[in-house]
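Protein chains in written order, with the numbering used here: chain W, 29 to 403; chain U, 32 to 871.
The set of hints was computed from the structure by calculation and includes no laboratory data. From the three backbone atoms N, C-alpha and C, an ideal C-beta is built for every residue, glycine too. Incorrect hints may have been included.
Far from chain U, some chain W residues (derived; all Cβ distances over 12 Å) [said to hold, decoys possible]: (1) I148; (2) F156; (3) D171; (4) S182; (5) I368.
Computed, partial: chain W to chain U, Cβ under 8 Å [claimed, not checked]: (6) V112; (7) V146; (8) S147; (9) Y149; (10) Q151; (11) R154; (12) L155; (13) A226; (14) A285; (15) F330; (16) V331; (17) D334; (18) V337; (19) L369; (20) V374.
From chain U, some residues computed to sit far from chain W (all C-beta separations above 10 Å) [unchecked claim]: (21) L518; (22) P728; (23) A730; (24) R763.
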Amino acid sequence: MESHRRTANDVSAANRTLAGLADPVSHLNGHRPAAMDAEGFHAATQRILSSVNTVIDGKSDAARLALTVLLAQGHLLLEDVPGVGKTLLAKTLARTIDCTVNRIQFTPDLLPSDVTGVSIYNQSSRLFEFRPGAVFANIVIGDEINRASAKTQSALLECMEEHQVTVDGTSYRLDEPFMVVATQNPIEMEGTYPLPEAQRDRFMARISMGYPDKDAEIEMLETHQATSPLTRVSAVVTSAEVAAMITTVQQVYVSKAVKEYTVSLGRATRESPLLRLGASPRSLLQLLRAAKATAALDARDFVLPDDVVHVAEAVLAHRIILDRKAAGSGETPHSVLRGILSRLPVTSEGAGTGTRNAAPAGRTAAPVTGLSRNQ
Amino acid sequence: MTAAPTRSPGASRQSGRRPEQAAARHRVGAYPWAMAGAIAVAVSGAALSLNGVLRGWGWYWPVLTTVVVVSLTLAALRSVRAQPLLVTAGGFISLGAILTLTFFRSSSLAGFIPTAGTLVELNRLIRRASETVLSETAPVAPNVGIVMVICAVLGLAVILVDALAVPLGIPAASGVGLLAILVVPAMIKPQSVGFWGFAFTVAGYLAVLACSQYFAPSARFQTDSARSPGQVKRAVLTGSVALAATLVVPMAIPGFDQGTFPQGSRLNPWGTSTGLNPMITLGNSLRTPDGSGRITYATNASTPLYLRSVTVDHFDGDSWGPDDRDASRLPLGGRIDPGYTVLADEQQRLVTAIDAGSFTSPYLPAPYAPESVRGLSGRWTWDPATLSIKGSDTTTSRRQEYLVTSTAPRLTAGLLAQSSAAVQGIPEDFTRIPGNVPDIVRSTADTVAGTGTPYAKAMAIQKYLRSAEFTYSLQSPVQGGYDGNGLSVLADFLEQKSGYCIHYASAMAVMARLEGIPSRIAVGYAPGRLTGATVSVAGQGALPEYEVDARDAHAWPELYFQGLGWVPFEPTPSRGVVPDYATESSTAAAPDALDNNDDLLPDATPAPTPAPSATALPAPGGGGSADPGVQLLPWLLVACSVLGLALLMAAPRLIRAGMRARRLRPQDPANAVPLGWRELLDLGTDFGLPPGSSETPRAYSARLRGALLGDPDGLDRAAHQAVAALTAGFERHSYGRPSGADPEAAADGGQPGPARGTGGAVAAQIAAVESSLQANAGLPRRLQAAWIPPSVMGRLGRLLAAPFLATGHFLRRTAKAAARSRPGHSRQGAGDGVRRHSGG
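In isolation and in its complexed conformation, chain W is listed as follows:
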């Protein structure tokens, strides 16, 4: 009953519940939870994933990626047509973790202060009092984020990047872990405010659910008839455990070769003639963080190039912009990224397998050769 109330679509109710959490930034400095050991980490992730998979049939990849983003301290953008379970995924993930969850339904008349909170003059104490907005929660679900005005959307910006809210000159630190899961509907764009590039860049990954396959869909029709499966889900990890898991992810080792590979990938997107806008340095940072989380989910304490490849599409596809000609000839960001990855030489320290085509190329060099020049 309690959890049901927390996820209610009622901003003011959430505000009341979370009022106590809204502390100024200074109060929370210096706290860092200890890392979790490998077995504990593995068990916790298995619990989360199996719990999510009971609710959402046949979408284990999406669930895993969502968890990856959570552990990598990123934000997730779910983009797909209506009715494939975007909100359900976000809600389920939030429910499996014993933490605070807020949901904001974005509408054109939603105001920035509805998101961040507002200072109210308290008549009795004759002081301005801060009433925290919906963003003060561990997991914030922003439904149909492109329906809100640009002003409201950008109010999320600071929160997402800085993990803090600044109202009337005072900054309030958001609680850790903090994750925004926004959903977006790519069709029916009329009367919406598509997320600008800058704001899309703040989301670590964008994934689309896609339709479930036949068996999964049949099973869904059977099991989801009477009751919402969400009601059966209970929290399997505490927020403290999640924080420890995040610390574990942060301690995953990244070798120089993998860093080089990541940078090479970024440079290749910038030099590709098919792309108008390549990957930003921030996106590379997030790419590596996501790769670390992937490695940790795979029970490894070091990152492989495979991890980078695994998350590259989800992390980079929504940040790069195709050249007009490339878009005209039927390329998509995903296909371009796949092409770049298939040509990017993999380096491994000491083995020297990647130095084979070491010939530098001219100014209009293809990504591969252009990169090897930088090694």
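Following the hints, position chain U against chain W.
The following block gives chain U in isolation, referenced to the frame of chain W:
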């Protein structure tokens, strides 16, 4: 993928295709011209190699204009987007027009439209060309017929190459047209195709390939990477490396410039001497490295014996040949009558038993002058004028064994000197002075021969030709373009003073006629070598056996002296034996020295031994009677080369084994894992699965396990586990925490640390993988992996390409530097201009 783009895919594809097509239409501008240029370079480059088939360079301009005109026509038609069939038809029309303009201008309309008269003339030229092809030997004089035919053929080659490369879209096959051109010099010229011809042809061919790839007219041929600079660079590099290797390797490795097929020996499926024209094949016979056409004979002659098969007495025209005089020939039956009386006191009667063996010719080799021939099969005739014996119809000398009785006057210098009477009773054929004798021949004859008896003149000419001024060479006539016969060749020979027997013999014969001595050229064999065996001839007892083969082929002049008959001379230095009567009394020449050292094959011909060997070995093949010490050397060489070849063939395998041994027993155990991984990569490469440069270790190992290994739960379980272990070890080594730096890593979650991969474990894993790979591969793949492992070959290729890469790198860098400095200069120049302007 999301459904984010609202445009439907079909619509976007169509809108995308349209500008692409428009661009393709624009591109048509450059493509035909580049392709035509490439084809013109290739064909005219191949034509370069025809120098040597045709004498001189005069023929090249008509060829070049033909090639250029035809290829330009094709390009022009294609650039206005004519139908492919129309383009090819236009090529034929332009070829006809340019040929008419060049060769039949007088009989055509407006200079280039053929008429009926043109056809008549064409017929004449073609007949002339066919005569040239049939009767002359390379290099032929470039007469108008043969040049016309060559122009036509090269024009057709352009059309063929173009048709293959562009409308049919199989550019690689267009090399067939070029090969067709190159085959001609490769078979006819002694030095084969030659450097420049080959280089230009290949460069042009590569350009054709490059054009067809770069400007691919349809998406079928256009790969997305074709235009990327990396691809172009790699293609150019590969092409130039291959070209350079084909040019450099034959220079570096001995043996490529000597050989039967490419080394100018005419492809002759009917045997070394067809008898069509012995003069054509003489030079080729002499250049034959192996002694084919071996003839053995046994004789009771005390002096070395020349075997004569035919004579040449017509010295007119560009090529000489024997006159068969079929009308006056008599069937071989009773006594052969020379037709003149010999006044010498002493007649020498010789008996010679000849085994012609595989020597195939309608002319029968026999010592001069034959009286009777016994033991022949088939139908034979003899010519009263020359005493040459010829088989009629299909009778040849092949496998004939016969006994020749011949007589020869015992000639002395004194006897010859006395013979100064006017020549009588000799057919005019042998005294007629040929028309248009070159001036140099006439003047040389006048200055050399002087005045005196015919014998004195003959001796003077022979002495001149045997003097130190002249050198014996089989190659220099070929290189100088006067290999063959004819009066113009004779003039060249007297200028160059280098040639072989046919040049010396014809020089002496022609000069003798100019001095009034009847003469003819005898073609046959110089005295051969003793085989050491003996042949018993009825009535003569055991006679020593000699052998001759193609290398002893010879020509010598015969001069007629009244009352003595036809007397052979020997003007060729270092060949044959100078007869007693023809040696100067002052020079103590050794008449019986068999001095047959032709310097073509210094080490292949065993040194001739002056005396018959004491050990009478049965002659093995064509080996000759060389003593065992000399014979050992070739065998040693053969053994060495076989050993070398075996070593060369085993080299990749040995290198591979060495690499593996080094990797599996590393000096530093810390390196065991990465070395083991590299061994795994090479194993995969050997079995046909090379790692991609963009492939992560994990991806490669998954591919390896999927493609090359069998059932993971069945027999190949150990191999799968080994691959997985190697991959995990290598990943940890490459991307994991550096060992030792972080104690956490070693104690990490019970997983064994990097130290786990010791050499022994890695070796066992590699062995498991290899046995499984072999079990799952087919036989060809196994053989390839064992004997020509692609991993080693690829490394070798990169090693060979490294200097070229470095050169290319350097050149590019200098070019870039130059380009960088140039804008600075121009800017400065502009500044100067401005300053000057403001100053003025």
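- prompt: Hint check: is the beta carbon of W/V112 less than 8 Å from a beta carbon of chain U?
  reply: violated, 10 Å
- prompt: Against chain U, does W/I148 keep a CB gap of more than 12 Å to every residue?
  reply: holds, 41 Å
- prompt: Holds or violated: W/Q151 as interface residue toward chain U, Cβ cutoff 8 Å?
  reply: At 50 Å from the nearest chain U Cβ, W/Q151 fails the 8 Å test, so the hint is violated.
message: Quick check on the hint: W/A226 CB to chain U CB, less than 8 Å?
response: violated, 18 Å
message: Given a cut of 8 Å on the nearest C-beta pair, is the interface hint for W/L369 held or broken against chain U?
response: Result: holds, 7 Å to nearest chain U Cβ.
- prompt: Was the hint right that W/D334 lines chain U, CB cutoff 8 Å?
  reply: Holds, about 5 Å.
field: Hinted contact W/R154 with chain U - closest CB pair below 8 Å
entry: At 52 Å from the nearest chain U Cβ, W/R154 fails the 8 Å test, so the hint is violated.
- request: Using Cβ atoms only, decide whether W/V331 comes closer than 8 Å to chain U, and label the hint accordingly.
  value: holds, 6 Å
Restraint satisfaction for W/A285 [CB to CB of chain U, less than 8 Å]: Hint on W/A285: holds, closest Cβ of chain U at ~6 Å, below 8 Å.
- prompt: Given W/V337 was flagged as interface, is its beta-carbon under 8 Å from a beta-carbon of chain U?
  reply: holds, 7 Å
- prompt: Should the hint that W/V374 touches chain U count as held when the rule is a Cβ pair under 8 Å?
  reply: holds, 5 Å
task: Verify that the Cβ of U/P728 lies farther than 10 Å from every Cβ atom of chain W, and report whether the claim holds or is violated.
output: violated, 7 Å
Comparing the model with each earlier hint shows violations of hints 5, 6, 7, 8, 9, 10, 11, 12, 13, 22, 23, 24; every other hint is respected.
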